[in-house]
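A.B. asks: Residue numbers (the working numbering), protein chains in the order written: chain D, 66 to 178; chain L, 47 to 156.
Among these hints, one or two may not hold up.
Have a look at the derived ranges for each label pair, beta carbon to beta carbon [claimed, not checked]:
#, chain 1, residue 1, chain 2, residue 2, range
1, L, Q60, D, T80, 44 to 50 Å
2, L, R106, D, P171, 23 to 29 Å
3, L, V90, D, D103, 18 to 24 Å
These are computed hints drawn from the structure, not numbers from a lab. All C-beta atoms in this analysis are idealised placements derived from N, C-alpha and C, irrespective of residue type, glycine included.
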Amino acid sequence: DVKVTQSSRYLVKRTGEKVFLECVQDMDHENMFWYRQDPGLGLRLIYFSYDVKMKEKGDIPEGYSVSREKKERFSLILESASTNQTSMYLCASSPYRGADTQYFGPGTRLTVL
Amino acid sequence: TQLLEQSPQFLSIQEGENLTVYCNSSSVFSSLQWYRQEPGEGPVLLVTVVTGGEVKKLKRLTFQFGDARKDSSLHITAAQPGDTGLYLCAGLYNFNKFYFGSGTKLNVKP
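Between the sequences and the hints, there should be enough to build the whole structure, so can you do that?
C.D. replies: Encoded structure:
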């Protein structure tokens, strides 16, 4: 079974703090994705990566950056957290570019005070 | 404006009733997926449909992909309380990015 793990289930941070969200997958997948999920808006793509050290902007990249130094690990960074970044953050992986299946982690519920 | 419009947003029904959830777009998708998500968890894949007109069945769940690959439906027969959850459709666009519908929150009352 594919396993995608996220470093924290719940996180509370203060406005202006730098926040790191980590995601690890154990199936040697090429692609990794970061989404945020808000009620009534579904999942929105923040960033994705097709390979180590590669990254592409999704639909809402502003205020976020990412890092992929190793194939199995994809980190989402909030340089200076703001209250409008309070959300559920979901990481996903898929085997290769164009694969029609994604596997999700359990999510990180981030609250920015 | 979302690429995939999902309806209804909320559905509350009695055990034993049937229901249909719709996922519509003006864009063509390479494939379409349906996920189910429990509170506090990540989405779990139910099915992927690839061919226009394709119908797939998973026990009491029937999934259909439109002929033009722009829309899909999920039909649940004789819903049970265990079906309660958030149902999400997602389309793979240009073999590149996934776009998600806003979700249907289903509550099945015993």
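A.B. asks: Cβ-Cβ distance between L:V90 and D:D103: within 18 to 24 Å?
C.D. replies: holds, 20 Å
A.B. asks: Tell me if the beta carbons of L:Q60 and D:T80 are separated by a distance inside 44 to 50 Å.
C.D. replies: holds, 45 Å
A.B. asks: If I claimed the Cβ atoms of L:R106 and D:P171 lie 23 to 29 Å apart, would that claim hold in this structure?
C.D. replies: holds, 26 Å
In summary, the structure agrees with every hint in the numbered list given earlier.
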